[in-house]
Structures are given as C-alpha cells and as structure tokens.
Amino acid sequence: MGFVVDVERCTECKRCAIACSLAKTGAVRIQDSRIDIRPTWPDVPEIRVCRFEDCEGQPCIESCPVSAIRNIEGVILIDAETCIGCGACEAVCPYWAIRIRDGVALKCDLCAGDPACVKECVTAALRSKEAAP
Amino acid sequence: MTGSMFDRMLRIDVGTKTASLWTVPSDVRAYLGGIGYGVKILSDEVDPTIDPLSPTNKVVLTVGPLTGTSAPMHAQTCLVTKSPLTGTILNSYAGGFLGPEIKFCGLDGIILEGAAPEWLLLLIDDDAVRFESAEAIVGKTTEETETHIKETYGQDYRTLSIGPAGERAVAMAGTFSETRAFGRGGSGAVLGSKRIKAIGIRGTGGVAVTDPDAFRDLTARNMDTLRGARAEEYGLLGIFSKYGTGGGMPLVQAHGALPTMNHTYGSFEGADKIDGPFYEESFYTRDIACFGCPIHCGRVHKFRGADGSELWGRGPEYETMFSLGSNLLNGDAERLAEVNRLTELYGVDSLTTGVTIAWALEMAEAGKLSTPGLDLRFGNADAVLDLLHAICAREGIGDLLAKGPREAALELGNDGLGRAMQVKNSGFAAWMPRRMKGTGLAYATSNRGACHKRAPIGAEIAGQLDMDSYEGKAAVLIDVQNTVNAVFTLISCRFHEFATDHEVYPAFVRSAIGRDATWSEMVALGERIWNLEKLFNLKAGLTREDDRLPEKCFEPVLGETSQSAVIEAARFEAMLDEYYSLRGWDSEGVPRREKLIELGIGDYAV
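From first to last, the protein sequence lines stand for chains Y and D. The first sequence stops at residue 135 when you use our numbering, and every number in between is there. The second sequence stops at residue 1160 when you use our numbering, and every number in between is there.
Any given hint might turn out to be false.
Negatives, chain D to chain Y, calculated, CB over 10 Å [claimed, not checked]:
{"#": "1", "residue": "R583"}
{"#": "2", "residue": "E599"}
{"#": "3", "residue": "M777"}
{"#": "4", "residue": "I842"}
{"#": "5", "residue": "P848"}
{"#": "6", "residue": "G885"}
{"#": "7", "residue": "E919"}
{"#": "8", "residue": "L930"}
{"#": "9", "residue": "A1124"}
Covered by chain Y, per the in silico footprint, the following chain D stretches (three or more residues, Cβ under 8 Å) [said to hold, decoys possible]:
{"#": "10", "stretch": "613 to 625"}
{"#": "11", "stretch": "970 to 983"}
These are calculated hints, taken from the structure and not from any lab test. Ideal Cβ positions, reconstructed from N, Cα and C, are used throughout, including at glycine.
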C-alpha cells in the first residue's frame, strides 16, 4: 500500500494537490491538500505525502498522545474525532506529510485505495504502489 | 461572489501607502476577466496621453474565471498598463503560480496606483497589505529579490519582482515571477517608476465553482484531450511537452522563416546546436510546469558559464533562441543559456533586448555605430554579454539601447531606423514576416507592438495557409486577434487553444460562474476589447504610421530556404487597407462610430 514516487519526473504542476483538495473539500484550496509539492529551486522538489509502508517505524502512530492514528491494513489513518490537533505527529513525520488545519491533523488516506492525485499525474512521478511501473 | 469570481479587487496606492477592496462593478464584470478587466479598467481610469512612468499610470493585474480552478492551462496572470516602451496600452502575461495565488487571496485582481518616494516591498496576505522598505534589496537581481522574500517572510509567498533594469527605467524591463515573466512592453519600468521593487503574495482561501459536477466533467474531458495532444509526437503540444517551446525551432528553420543575423537570413547554420532537442540531449534538463498544466513546456538546464562555473537556468524559450541566438549568430548553447539567464536576473525582456542588440551589431558592422572598447560583431557572444551589462546599467552605448530599438535608431540617425526590426518600438518575435505575410500584418497591427501572440503562425507554418500569399490574410488575422482576445479574458494559455475545441470555453464559463455566453458572443467581446485598445492608442497619439513595418522587410531575405522572400510595399499597404476596412475602421485606422456602437463602446470614440 502506498505510492511510488519518482521525483525526477515531477514538473511541480501541483495537479495532485488540486485533485486532492477538490476530492476532500469540493474546492481547490491547496492548504487543504494532503499532498504538497515544495520547490527547492533549482533542484528537484520535495513531494510531501505519506509513504505508508515505506515509512520506517511510522513514528506518527507512536507520537499521538490520544491514539488517534492507526495502521489499518497498511493504511495509516487519523481519526478526526479523536485528534486534539496537538501537532506531535506533524513534528515527527519524516516526510512532512501531516499538517494541522482548523485544529485537526490532516494526512493522506489513500482515497480508499484509489487516490485522486495519482490519476492526475501525467508524468507518472506519482504512482500507486500496486500498479505495474 | 459568483462561483469562481470574487467580484472584488485590491487597490493599492503606494503613494499614500493605503489599500482598499474594490467591488468590481457590473460594467467591468461584463468583460469576464483577464485582458477584458485590464483593458476596461485602464481605459476608464488612465488618461492615454500620460507619461507611462508618471504616478498617474496604473498597473492592473488580473485573473479570470478559470484561474485557480482545476481547468488545465489556466495559470497565467494578465498585466495591463500604459507601456513605456511602445506608448500603447500593454497586455502582458506570465504563467507560473502567481495567478492562482491571487485567487486564493479571494481576489480577481490587484490595481497598483501612485508612486512611492522610497523603494517598497509589498506583502499581501489574503486582502491585507503590508508596506515594507525594500532598501535591503534595491539593486538586487530578480532571483536574489525573490529569494529574499521567501527567506525573510516565508517560503509560502509567491513572488513578483523587478531587477536592476526595471529600477533604472530600461524601456524593455520586464516583471518577473519565479520561473516566469511578464516580458513584453516594459512593465518592469512602470513598477520601478512606482518604486515597487517586489511583491510577495500568499492566500489561504479556495476557489469553488457554481456547478461542480459539470465543471469536473469538463475538466476531465479537457484533460483527456490534452493528454492525447501531449502524446502526439509531431503535434505542437507533443513537441512542447517533450522539448519545450524550442522543440519547434527545426520546423521554422526548415521553412526559411527563422530570423537570422538581424533578419538578414531566414535560416541559421547553427540552429541545430541551440534548439530544444539539442538542449534536451546535451544538458541535464528538468521539465517544469505552470499551476495545473499537463504540458510542462518549461525547462531548467544545468550548464557551464563562460568562467567555467556551474549554472542553472530556466529556458531559453524558443523566442529567446531566436533573439539571443540565431539573430545574433550566437550558436553556442551554453553562452545562449547564460545570456538568457542574465536577462532574467537583470530583469529585461529577452526578446526586444535581443532585437535591439541585433540592430546595434548590424549598425556597428556597417560602421554607423561607434562603440569604443567593444568588439561588436555578429557571432561574438562576449560582445552580447557586454551590451547586456551596459543596457541594464545604462552605461555608455547601453543607455541608448535601453530606450528600445526604434528610439535608439531615431536618436542615432545614420539611416538606422529601417534596420531596427520593430513595430511601435517593440522588437519582432521569432517569425519572419517576409516569409509569413499574415504574421507581418500581425506585427504591424498589434496593439502592443510587433507581437506573435495574435498571429496566424500556426496556419502559416503548418501549411493551412500559403505562407507567402497576401490573399485573405487580413480576414484570417482579424479572426485570430478577436479569438485570442476572447480566450485571454479567461487567460487561457496561448497553447491551450491549439488542442481544444472553442466550445469548451463558454461551457467552462457557464459551470464556473453560471454565466451563459456563446462562443460567438465571446469572440465579439474579444473584438470589443481589441477596439478599446485601439482607441486608447489613438488617443495616445498613434496613427497609421505606427502600423508600418521597417524598410528591411521590403528587401529580399538571403539564404536558399527563404527563396528571396520579400514584402512588396504596395501589397502590404493594400493588405493594411483591407484590414482596416474589414475591422470597420477608416483609412487612417480610426474605428467608425457605427462599429463602436455595434460593439457597445460608442462612448469611447476618439
């Protein structure tokens, strides 16, 4: 479960973030996107999104003081009802993939296995892990 | 607020350091957005006779109904002002991320007014404005300036800046925004006259549309179309996607339409050493895209500078491969990339700057321009670097060239005017008018000076039209001008229309802001805007004389592939007459009253 990320192919267009915020909120609001592309001019950008099974130790789970983060069959999910927005997970995430918005931690939930972002990536910089390369 | 439009703009007076929200009135909203808003607002608020560098000039930055939405290839921002280069109304465009950020601020645009006594850096957070001193960054390059904003105030700011050229009122100074530029027309000098060194902008809002389901379907279909176009090996979008805009250079070269050595030849021996495929194969290359664009025509290259240092550069774009490449007989890709990079750092339009340098080289070789200490000749890349430094510092001969090609020629005398490849003091683009008669007429009649954005280039190069014929070109050109102005109300990328059915535009407008407009109504709006621009220019004092091509266009092009192409003066005048007549203008190019009434702008008559 997760993504194959090929940052050399990323054109920094942010279609992934557009698609993510649309899927999650119905509007294009990059701040609400669970994936972010951070330019590091002139080098390749950072693709900030949860790496799921590729994330060693998955420290967000341990960091949560209220046990709101769980690994359910490979998908790491935050329970928004339980989350207190303390930011502990945001601080330990090695991929900068969690952000606090309106008092709740947001991260990628893989769109129930069919991520909206992957479908929009024309250069295949971002692929679903199951798909053949 | 109507769907994706917020119906409000931010007015910033840098003279009084005040900012206010302005509700966009219905007579402006009728212009949809983009160029429509900009031209309407400037026509209503700025006296066409003013000095463009006076505090009374305004800079109108606009976005459109599709900016910041999921609609692909709608990332650009439109800038409208009175141009210090041409003395005309200017509309100039930059891609990247600035436009969407303006929308995320909950704005449909920003109007910059007045002039500050000291250099300012404006920070815009949603609709709040801070006026910071720019003392620390005066004299800095565009890249240093934008890096300063991000490092000092936050990486989330999208930035816009001018370089030393804009500070010193170089007539072809541009306004730069990260990887993109408002190149044409000298907008950087206008910002400089207002003492606006840079703007940082950060929005926290979102963009929604009136009919999300219809909009999502349209976006998905349009993305399918563009994915198809992207995959076409020989299609323009396929070529741009694979090689950047420089991918088209071999085609222009093959047609003998690649302006070379100040438009003396129509092909360049070294073209295959500076074109898109050459850069792709020879240098580390990264593709970069504007917001939400699947074509990613932008390029970042790593190359060696003249002193052996490792440099990074954006581009060069095709137009620059001409202006600082073939037109100067500069066949060294690394020197070209280096000069291109410097135009960006200093903040000048590489197009008109290159055209002005080409003129200087021709005049120097003919012994008509004395330049002590400089070895000015075609093919000497060092001379180009020297001239570029001199122009941006306004030193020596550079101070003359900084006025633009026509003004420099007029000041010098020595029969130089006919060798300056410009219209209205704006340099020719990378397409040879003698080989492409419709494009020649486009250069002559464009409201912002020699301009390729609204020219029948595609049809002439791809063979739908006979390149060398004068027949029917006026009608085709008018259609192109009106059509492009229509899509520029949405600020669609100029390349979007290459692959997209026109019916997509009114459908997008309907689902974005709930307004019913047919495509033919949108084209009529494009025509209305074209006429408003023309009226502004007439009031500014321009005449039919300003719609003429330089003498060199009436001499044959040298070189085999160009087939001695020439423009016959009488036939050009006949084509111009036909153009005016089809436009509903009199023989001096003044729109007839009944035409203006038909277009709903009778009040603006000269």
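We went through each hint and held it up to the structure:
{"no.": "1", "hint": "R583", "result": "21 Å, holds"}
{"no.": "2", "hint": "E599", "result": "31 Å, holds"}
{"no.": "3", "hint": "M777", "result": "7 Å, violated"}
{"no.": "4", "hint": "I842", "result": "5 Å, violated"}
{"no.": "5", "hint": "P848", "result": "4 Å, violated"}
{"no.": "6", "hint": "G885", "result": "25 Å, holds"}
{"no.": "7", "hint": "E919", "result": "37 Å, holds"}
{"no.": "8", "hint": "L930", "result": "32 Å, holds"}
{"no.": "9", "hint": "A1124", "result": "49 Å, holds"}
{"no.": "10", "hint": "613 to 625", "result": "holds (count 3)"}
{"no.": "11", "hint": "970 to 983", "result": "violated (count 0)"}
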